[in-house]
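If you're matching them up, the sequences are chains S and H in order. The numbering of the first sequence is the working numbering, which starts it at 1 and goes up by one. The numbering of the second sequence is the working numbering, which starts it at 1001 and goes up by one.
Read the hints as simulated data drawn from the structure, not as lab findings. Be aware that a few hints might be false.
Chain S is faced by these chain H residues, among others (derived, beta-carbon under 10 Å) [as the list claims (entries may be wrong)]: (1) Asn-1055; (2) Cys-1058; (3) Phe-1060; (4) Gln-1102; (5) Gln-1105; (6) Asp-1109; (7) Asn-1113; (8) Arg-1132; (9) Gly-1150; (10) Phe-1159; (11) Thr-1187; (12) Pro-1189; (13) Tyr-1190; (14) Cys-1192; (15) Val-1194.
Think of the CB as a built atom: it goes at the ideal place given N, C-alpha and C, for glycine as much as any other residue.
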Amino acid sequence: MGEHLTLLVRKLLTLTALVFCLATAVAQAANTQVQLLLSAGTAKAGDTVLAGVRLTMAPGWHTYWKNPGAAGKATEIKWQLPPGVTAGDIQWPLPKKLPPLEVTTYAYEEEVVLLVPLKLDSSLSPGPLNLAAKVSWLECKDSCIPAAGDAQASLDIGPETKASSDAITLEAWQAKVPVTAKTFNAQALWQKPAGGDDRPLLFELDWPAPGDTPTHTTADFFPAASDSFEIEADVTNVLNSANEIEFTKPVKKFSGDWPKEVSGVLVLDDKAYELEMPVTDMSAVVPGGTIAATPPPPPVSLWQMLLYAFIGGLILNIMPCVLPVIALKILGFVSEAKNNAAHVRKLGLIYTAGVLLSFLALAALVISVKLAGHKAGWGMQFGSPIFLVCLTTLVTLVALNLFGVFEVTLGGGTLDKAGDLASRPGAAGAFFNGILATILATPCTAPFLGVALGFAFTQPSSILVLMFLAVGTGLAAPYLLLSLNPAWLKFLPKPGVWMEKFKIAMGFPMLATVVWLLSIASSSYGKNVVWLGVFLVFVATAMWVFGEFAQRGRKNKGIAALVALGIFICGYVFALENQLHWRKPEVSGEAGIENTATSNGLWAAWSPEAVTAARVSGKPVIVDFTADWCLTCRVNKQTSIDIDSVSNKLKAIGAVAFNGDYTHFPDSITAELNRYNRAGVPLVLVYPADTNAPPIVLPEVLTPGIVMEALNKVTK
Amino acid sequence: MKKTFALLAALTLATSLFAVEIGKPAPDFTGTDINGKTVKLSDYKGKIVVIESYNSDCPFCHNQYNSGAAQELQKDLAGKGVVWLLVNSVNVKNSSHRTTAQAQQEWTDLKINATAWIDDTAGTIGYLYDMRTTPHVFVIAADGNLAYNGAMDNRPEPFGDPRTAKNYVRAAVDELLAGKPVTITQTKPYGCSVHY
């Protein structure tokens, strides 16, 4: 009983306090006056009348916008309307951004008129109506006071709508309400991977028709209110050009997931546009695993991407696909070392030219494929069996040449002495090395390169060419630098007999490359790929005849050359044409998924529908996009995905695993790669069970730790 | 000038070195309370600490104390060994600034049940914790790591009874005491600007 009494007393006390509080607040409302304006004194039933709630604030005081910002409270209007009159939403004129920076608010000073359309039902009968609103607001100067006031006005329902004397005022305020603009495209991009609670957001606006560009000097975005995140006031990296605006604002997350859409008001000087735009994750391609310790700096500028392309090209040199070419280059340097600096420099430049021209050719290929309306991808030529046969043959020839079976005499004339080879490595050789390095590099992607290429493939042709050249420069850079400073080559031993042995030894990595290319070709030709091997034997025999009897022979050189050609043609007709049907492979198409699926039965073939179905059932999902020609993918699979710890983890968390085979460039996977700003494989995605959450994008080069960490993250 | 420099320095520190982050050690600070006593956060290691950015002239703060809800919560939590520090960062020129005498008077009048009221007119602690509004509360677990950062409750109103709202501080402290992970670790703080 006593307890009940205390409760009652306490409630009463609270109530008294409340009433007292309200009373003081209203009494203190002298800082702000409220008034109700109507666009018409007399209005016809069925029309819409514009009402305006005018707040007049004493100097220094302000009231708040619909999103008050970091502090404050939006003004509220509670209508007391007779039946037949319905109030619409408040139309808020553009507010001012009030300092300080760290607690910026969006507010009105001096005066504001909040506009509300009032719909009059057609059934209203003529006569006077009393319209009233209870308006409550928070007014602040150097302290804040919550206040409220009643405002009312009367409206006559008559035969026709007549504008009132306030109509002009209301019209003037309506001009300050942000408009919905369709003259430009807007999008927002995350510039950092999700991690922590702060993330810079890049706003991008462009005007398809340059003539429509507004003339403005400042650009900003006033966000709509949200409880789970806040787009902060700071504006940086503003770019204002004839038909494009870019700027970056920090976003602070309080709870839940990062937003996938933002809405608010774009402010260009004093013009305001209501906007809603999707947020895409530019940073998704940045490794989400442990390598994320070095995320890119916020602004995504062309310069930054060019730098990434350069670094990516540099790293390509040590990726498995280019390694055999390094052997060739080492040999080249050894033989060049005794030459004069000018000659070495010249060869360095020619090698670079070979790389750059090849990249230009690749860029041209990509652009033409894109112009033809197809999807282009990095290393897509490896999906073509014809290209593979040519390349396999070419690399076999390189190996044979290194073994000394025949000589390359592009400079004209024959080479009689082995010493000549060292003294005249030849411009043609250097150029060829450049081309070979590029061709072999393309099925690989390296750290940084994924980001850069993902960017490049979505850019206009001119930027794509620039990006490709940057990758090429990176690829050629170490050799170019060495050749420009031949003094650094001092550590290399003097040329001599050992070089001939070294050259032969370097033929074996080339043979390994041939085996790799054959395994890729097998996804197009199936078991028939053995006929490509047979053809290579013919080629080798032909080259031996050519080298031994035509190049180094004493007599009947012409006949020897003809015999060599004959063997070559026999091999071609018999093995390639009749057996392999190399130009129209029979085993082709989308086959090949089976051979990437693993024995433990965990992995199923990827399709967007399958992923959606698995996610709807509430399971975490892992997707591994690979291709037979992707060495990095294979290494990843063997070291970090197809291992016991990961398999057990997948089973333990009930994850569904999908393997997407990109060997033959299916459009569906190209589209998926593009969604994550990638131009090629590898791409490994780990989706949380929460269907609203975006997947974690794993880095290009995996370790078991990175995969396990991602799996742990999605099950949290 | 000196003050501007101090603020800038504090701001730089706050955003770079000591950015408060859930699950990470809450940055240490030393302040002086309204009775002249030195208060050092690290002295409370082993206890749960609640830090509240406080200015009772702000209607949102005022309502918490005027209704008695804040004092009740403070008393309740104090009984469980929880430390509650008020941090008042209002600058000396603002009309809401409290002199030591005024602050002591307010402490008595409102029957505040907190552990201490720290005078932070220079805004050092405020900037260190990136306090955005009054009230803006932080809950630090016994191990010294930040467990909650955000609003006092889910009712951003300057009127009415805060007891009807879900109080995030109470929820976080209860979970910490029960040895459970804190469910809601961050919310958007509401209220008035701090008036640094």
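Practice task
Sort out which numbered hints this structure fails and list those numbers smallest first.
Solution key: The structure conflicts with hints 4, 5, 6 and 7, although it agrees with all the remaining ones.
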